[in-house]
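Chemist: Here is what each chain is made of, one letter per residue.
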Amino acid sequence: MSEVLVVVDHVDGAIRKPTFELLTLARRLGEASAVFFGSSDKGAEVAQKLGQHGAEKVYVVDDTEIKGYLVAPKAEALAQLVEKTSPAGVLFVSGYEGKEVAARLAIKTGSGLITDAVDIEDGGVVTQAAFAGNYTVKGKVTQGVPLITVKPNSAPVEEVGAAGTVEEFAATISDSAKKAQIVAQQPRKASGRPELTEAAIVVSGGRGTGGNFEPIEGLADALGAAVGASRAAVDSGWMPHTFQVGQTGKVVSPQLYVANGISGAIQHRAGMQTSKTIVAVNKDEEAPIFELVDFGVVGDLHSVLPAATEEINKRKG
Amino acid sequence: MNIVVCVKYVPDSTADRQFESDNTVDRVGVDGLLSELDEYAVEQALQLKEKNEGSTVTALCVGPEKAVDAVRKALQMGADQGILVSDEAIAGSDYVATSLVLAKAVEKAGAENKVDLVMCGMASTDASGSVVPAMLAERLDLPQVTFASVVETQGDQVRIKRDSDTATEVIGATMPLVMSVTDQTGEARYPSFKGIMAAKKKPLETWSLSDIGVDASEVGLSVAWTEVTETTARPPRTAGEIVKDEDGSGATALTEFLVSKKFI
Ligand SMILES: Cc1cc2nc3c(=O)[nH]c(=O)nc-3n(C[C@H](O)[C@H](O)[C@H](O)COP(=O)(O)OP(=O)(O)OC[C@H]3O[C@@H](n4cnc5c(N)ncnc54)[C@H](O)[C@@H]3O)c2cc1C
Ligand SMILES: Nc1ncnc2c1ncn2[C@@H]1O[C@H](COP(=O)(O)O)[C@@H](O)[C@H]1O
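In order, the protein sequences belong to chains A and B. So that you can map any letter, position 85 of the first sequence is 71 in my numbering, and since no number is skipped, the others follow by simple counting. Counting the second sequence from 1 gives a position; my numbering is that position plus 748.
Hints may be right or wrong, so weigh each one.
Calculated Cβ distances over 12 Å to all of chain B for the following chain A residues [claimed, not checked]:
| hint | residue |
| --- | --- |
| 1 | -13 |
| 2 | -12 |
| 3 | 27 |
| 4 | 35 |
| 5 | 38 |
| 6 | 51 |
| 7 | 87 |
| 8 | 108 |
| 9 | 143 |
| 10 | 149 |
| 11 | 151 |
In silico DSS-like links for lysine-lysine, alpha-carbon gap of 25 Å or less [unchecked claim]:
| hint | chain 1 | residue 1 | chain 2 | residue 2 |
| --- | --- | --- | --- | --- |
| 12 | B | 856 | B | 950 |
| 13 | A | 300 | B | 1009 |
| 14 | A | 3 | B | 1009 |
These are calculated hints, taken from the structure and not from any lab test. Treat the numbers as computed from the prediction; the structure is a model and nothing was measured. Yeah, the Cβ is synthetic: ideal placement off N, Cα and C, and Gly gets one too.
Here chain B stands alone, though its shape is the one from the complex (with noise of 0.2 Å):
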């Protein structure tokens, strides 16, 4: 089985995120990680490579030099190689341009042996857009099997269960596709020392837009189909009242608070 697992390298969730002046994510002032989502992603991929025999699992990342971070962590537990989109070109891409690019390293990296499955991450803890995944099966006209919280294969074919917002589905098709994974397909697992060791031998390129015959022109900041106008940060919440509940007084003031906002 040939997967290629997608990982994007974001701004740590618990440092201080900011945008840049113009009004792109700061990928750079603010430490960067493999997105934790994604980890799940190379779980899942690392799992269907032991239960089927001669598998590889490719992680890709679109993203800047930087990067290369997220797509080594993926190494370190256990992808066979890397690569690493990278081009300057590039920075500032939104969803639309961002999904064409992974669309077009996907059909390369597919070029010689065909990719079964591209695994990605239920959402990228930055953008939290969770719609390259569909973005990236349109373009390459295969199927979706998204947001899955439980995964099973049996050769080819592929069932999941999805938890909708109204009901709980199972989807079935069969591959190649394009599948998401929750964090409810359970652990992902850390890097062992080994691991560590193991990733540095292994192979890890990276290409620029010519690399994968995309123009220029069709990615960036200046093309994106969608364009931010304004970032603000929220200003901070006003410091709340704070009661100690004593002898049942946190309950009347709790009480009291309410309905003097008329939730009463």
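Chain A with its partners taken away, still in its complex shape (with noise of 0.2 Å):
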């Protein structure tokens, strides 16, 4: 069976769940191979928990000279992966990182890619949803090695315990690709909440929270759940961008979405009309999130999400 490289998403060595959502997807198509871009003394861990999740090998790159530049080394050491290895595709994690190497890797090895995958089927077919979520497309790629990028949430994580076979592997890094330099990094300080992206749950507010979060933060916690934003919240500094839902903010495709005060215009739509399950609270019965949801609340929300919170909070007892 040939080989199915999975790029892995982390920061530091803290693998983050979609990759193990990769590597469930990557057995569809052969045998799974993660490829680790980090120090080489991480190695061993990480290949540990890859293992676990269905990684026969575990390729790591050591990446002194990769980290301080933007996605071209990592795209140039994949390219001679790929050539080492010939494997039957190459899945990353729907992001910026993750499209932009997959971009410059389609060039350099004459690629079909596709992105925002959100099921991959026996046999290489994939799923994306077109046009802010209104139509399913399936589609292949017909040429050079498959590259497709998944987005969060498309795959259960399935513990396999495959071997995790480390292996060092040594890339070339030319000067050309390290002329995008990254010059400062400041990590995204940790909010004790599921990430955004990767929540089973995510709450969000939008303009209708008249920039008090709390009703919006205090459902969230009742249900352990990210919290989002519209960017109509976001334009108002109410909350910062990062967590803006949305065409041009995060892509998010829970087990349930609840929209509060926010009317659901189509740029919002196309970061969460995927949810499985869709609740809204509006007090415009005629605003345009109704039209999609599953289960709605005509009323206020400052009255309304603290009335259920508490209610929640003592059903959990």
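Reassemble the complex: the two chains are provided individually, in unrelated frames, and hints are given to aid placement.
Modeler: Next comes the structure, spelled out in structure tokens:
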């Protein structure tokens, strides 16, 4: 069986959940191998976790010459690894970095690229959501090595106990790949809540919060959810941009999305329409968001949310 | 500074967008316009021109004949000249082929006067791949500074702020380079009446594939490196249950719903 490479998304060796989802998908296409760009010291520890989730092999690419630069060196290293392993596919997490490394790799290796997959079936048929989720599109890569970026929450995390054998891979990085330098980097502060794109539940607030996100955060905490925001809330300076859900923010597809004081503009829908269950609280019964919901409450979020939060906390006992 | 800004012509995202029977995006039946995310790229290009005397901004678009509307809008906003690369053979091209055509057009546009900056939007509103800028950088062998939320330049030195998934980063590079900008860079200007009148006199060229030295066999639907096999309209969501909140009934109903779906 051919190898399928999964590019590991991690922060200092802490593997992010979507990587494990990719391993599940990779095993439908062949034998899963992970590619870890990081410090060699962390290789063994990381490989053990990746093995648990189905990686037979873990290529450890020391990132001393890679981490200070934007995407180009990673694409170069991957092109060399693709050359060596002739994989049946390379999977990336859909995010700025995953997409752009894949884009450069596509040109380098003469391979087709499909972005924002929500599913991959045996045989390499890829499902995407198009036009803000109004269409479902199926397709395939027909040339080169299929390169696919996959949205978080597109597959279950499975524990399978594969070998996770470490193999060091020495890549050669050219000077021309080192022209876009990362001059400064400030890691995002942990909010103590689940990450927006990974969360099973997202509770969002919009202009209707009037700038008071306490009811949103209260409900989020009662449900163990991540907090999101509309662009109106971000533009008003109530929430940082990293919380924005939508076309120019994060695209989420959780099990449950609760939109509060959000009208449901097309650009917001583009970021949440593929959520499994959608709930809205809005005081305007004509708000377009109600066209999408499984359950909606016409009411003031400032009274409905705190009361619901109290009831939920009581039920949980 | 010689700036080329890549602007895409897309179906209006507030209209009923659809696919053709060959599974390509319907770019003719649905009203199209300049992708609104590319307006931010035009705006940043114009601001750089204003800061650097003697600069020119060229709007470049690959698309059907109607796509000239996107170029014209960029001219109305203030770009100096426009180029539309249009050729029947291009129809149905995927990212890879589109980036090839754009790269060759950028090379031709810079044949006499080297292009310092290729400016792009963060994503097209139809494909929303966010990959064409990186592909362009790869093809042109240029550094990329992409997804900029803040742009700073001093001569040919460029710094941008980028909100990646896990960190906020400052990226630095020297021109020539490829840049893409997000809507966080700030409001795009509206064309003024004067701008609209002036645009009518600005140079606007249409190039075919042979003008840029690309063979028809390298682009288009039949040679795309990806194939769309099926497009289905998502079934409309079945009408959900909507309740009116009266004296706290909304909170109880909401809680019941969440319990019934096992979220609690
Ligand atoms: C290029 C571009 C990109 C964009 N990208 C994004 C994006 O990524 N994400 C995004 O969200 N938007 C995006 N937008 C903006 C989008 O078009 C909308 O303007 C935005 O989503 C509106 O946010 P909102 O629903 O919070 O505000 P509004 O549309 O003002 O809606 C507020 C809602 O709150 C309700 N409300 C008010 N008070 C209460 C109350 N007390 N209790 C309950 N309900 C109440 C109102 O009835 C109303 O429905 C983009 C726009 C453009 C042009
Ligand atoms: N056909 C096109 N013509 C001109 N520019 C384009 C075209 N396609 C993509 N671009 C540029 O590349 C950016 C990202 O596009 P995409 O990768 O399709 O999301 C857009 O915002 C444009 O700046």
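Chemist: Checking against the hints above, which ones are violated?
Modeler: Violated: hint 7 alone.
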